[in-house]
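K.L.:
Letter by letter, the chains look like this.
Number of protein chains: 2
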Amino acid sequence: MLTLLSIFLALSASPSLCDRPQPHVVHPLRPQTGFSSRPNVYAVSCLSWRLAVETDNIRNWDVVPKECEGYVGNYMLGRQYRMDSATVANAAIEYAKGLKVSRRDAWVFDIDETSLSNLPYYAANGFGTMPYNATSFSAWTLEGRLPVLPETHRLYQELLRFGIKVIFLTGRAQDQTSITVANLKRGGYHTWHKLILKGTPYSGETALLYKSTVRTKLEKSGYRIVGNIGDQWSDLLGPTPGNRTFKVPDPMYYLG
Amino acid sequence: MLTLLSIFLALSASPSLCDRPQPHVVHPLRPQTGFSSRPNVYAVSCLSWRLAVETDNIRNWDVVPKECEGYVGNYMLGRQYRMDSATVANAAIEYAKGLKVSRRDAWVFDIDETSLSNLPYYAANGFGTMPYNATSFSAWTLEGRLPVLPETHRLYQELLRFGIKVIFLTGRAQDQTSITVANLKRGGYHTWHKLILKGTPYSGETALLYKSTVRTKLEKSGYRIVGNIGDQWSDLLGPTPGNRTFKVPDPMYYLG
Numbered sequence: 693m694l695t696l697l698s699i700f701l702a703l704s705a706s707p708s709l710c711d712r713p714q715p716h717v718v719h720p721l722r723p724q725t726g727f728s729s730r731p732n733v734y735a736v737s738c739l740s741w742r743l744a745v746e747t748d749n750i751r752n753w754d755v756v757p758k759e760c761e762g763y764v765g766n767y768m769l770g771r772q773y774r775m776d777s778a779t780v781a782n783a784a785i786e787y788a789k790g791l792k793v794s795r796r797d798a799w800v801f802d803i804d805e806t807s808l809s810n811l812p813y814y815a816a817n818g819f820g821t822m823p824y825n826a827t828s829f830s831a832w833t834l835e836g837r838l839p840v841l842p843e844t845h846r847l848y849q850e851l852l853r854f855g856i857k858v859i860f861l862t863g864r865a866q867d868q869t870s871i872t873v874a875n876l877k878r879g880g881y882h883t884w885h886k887l888i889l890k891g892t893p894y895s896g897e898t899a900l901l902y903k904s905t906v907r908t909k910l911e912k913s914g915y916r917i918v919g920n921i922g923d924q925w926s927d928l929l930g931p932t933p934g935n936r937t938f939k940v941p942d943p944m945y946y947l948g
Numbered sequence: 693m694l695t696l697l698s699i700f701l702a703l704s705a706s707p708s709l710c711d712r713p714q715p716h717v718v719h720p721l722r723p724q725t726g727f728s729s730r731p732n733v734y735a736v737s738c739l740s741w742r743l744a745v746e747t748d749n750i751r752n753w754d755v756v757p758k759e760c761e762g763y764v765g766n767y768m769l770g771r772q773y774r775m776d777s778a779t780v781a782n783a784a785i786e787y788a789k790g791l792k793v794s795r796r797d798a799w800v801f802d803i804d805e806t807s808l809s810n811l812p813y814y815a816a817n818g819f820g821t822m823p824y825n826a827t828s829f830s831a832w833t834l835e836g837r838l839p840v841l842p843e844t845h846r847l848y849q850e851l852l853r854f855g856i857k858v859i860f861l862t863g864r865a866q867d868q869t870s871i872t873v874a875n876l877k878r879g880g881y882h883t884w885h886k887l888i889l890k891g892t893p894y895s896g897e898t899a900l901l902y903k904s905t906v907r908t909k910l911e912k913s914g915y916r917i918v919g920n921i922g923d924q925w926s927d928l929l930g931p932t933p934g935n936r937t938f939k940v941p942d943p944m945y946y947l948g
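As you go down the protein sequences, you meet chains A and B in turn. Heads up: the first sequence at position 75 corresponds to 767 in the working numbering, and the numbers run straight through without jumps. Heads up: the second sequence at position 216 corresponds to 908 in the working numbering, and the numbers run straight through without jumps.
Possibly wrong hints are sitting among the right ones.
Because identical chains share one entry, a pair is satisfied inside a single copy or across any pair of copies.
[What the hints assert, rightly or not] DSBU-like mimics (lysine-lysine), calculated; alpha carbons at most 35 Å apart, straight line: (1) K877 x K909; (2) K792 x K758; (3) K789 x K758.
Read the hints as simulated data drawn from the structure, not as lab findings. Fair warning: this is a prediction, and the values are worked out from it, not measured in the lab.
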């Protein structure tokens, strides 16, 4: 695990590494299969699959198609994921710059795959091609070693500078509060207005219902949610989505 | 114009042509500029820009960035656009297969860049890099020669087979009714339950307001909108979006 983390941190720290042609060290690459010269056959184009996932056209999927493991791995460890994330952050900052900020204004941040990254875990576990394993994922989370997602962190810093209140809203359970606080601080998120974890009243509820209910309560209590950023559409849809929403890439898993 | 159309139709008819490495004949290619080895610089990655447009992260844009003309042109005339469209159609068909269809069930289709294609026009006009020209675009529309988008047409045929009512809902003005009917039929859309063009009560209104108001009226009059497909987020957001929405790729223009 530590080795993987080192690899990831090395990649994060040295963009020049990411610029090389992309064979990565975690998994051997396979040729992409499933392409067909007849596009209207039910073949998997991993690039099309990823676009369909990012645009919410394909929903409720369990795992990444096996033939897309190499594609998703290269994307996530390579330069394009970082560029895509940078473009989202840039769009959000441009929008925020145009706001006349008031004391009520808040921005909702999701945590996993938005503010912090589970990529070291997924790199060791098939990049989303393997079924979710609650035991091993929970063990990984409790290590508190998720690296920061630098582009979202850049947005976070700009929003603080603009005087917008940062509210972290996560599907993590409340018994993970202390490790979550520690991991956020370790990642460079040193301050926030609220950190909301999933309490027992919502256990068993979908992310969509839980998060939109909480956002509605925030607005009723006086906040104006000027922005909302997450890697899942369930962070961004439903009642009270916020005045603008920003979808961070995540081709590794789906939460409804 | 006829030459361009011929090129496009030739590409559509012969997928093998599209499989070749992608230099196309309409515009000379330029190297993509604006890349940077430091991803957090405000540089344009055309691929990231397209993803951000497709996920509604970048909104209200006027024209395609000039440095992305070659990229967008290759994408639109090449194989990936067709594969991406096929993946959307496949996802929609899979969803429709699972429906227990009743007589109330309807599916809303947008027309331009969803059911029929203005690609011959855009290929001759910078692939969206040039400002909208109402005169020349209207002249092109009135020729009634838009080619069919074959993947959406495949979805249309399947939905008819399932007994779902097809409703075309377009931002085209009502005075374009007869050419629109002719072009739809020419493209292979021979039957529909309703064809709704933009009437004078909505002139000057946004696409989002117009389309969501019409959809709400449809539901109030007894239809159940089980699906909704369009190339613009303004086709798919707002009240009464439909039980499922499907976003067709369009990196050439934005309508709010």
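K.L.:
So which of the earlier hints does this model not fit?
P.N.:
none
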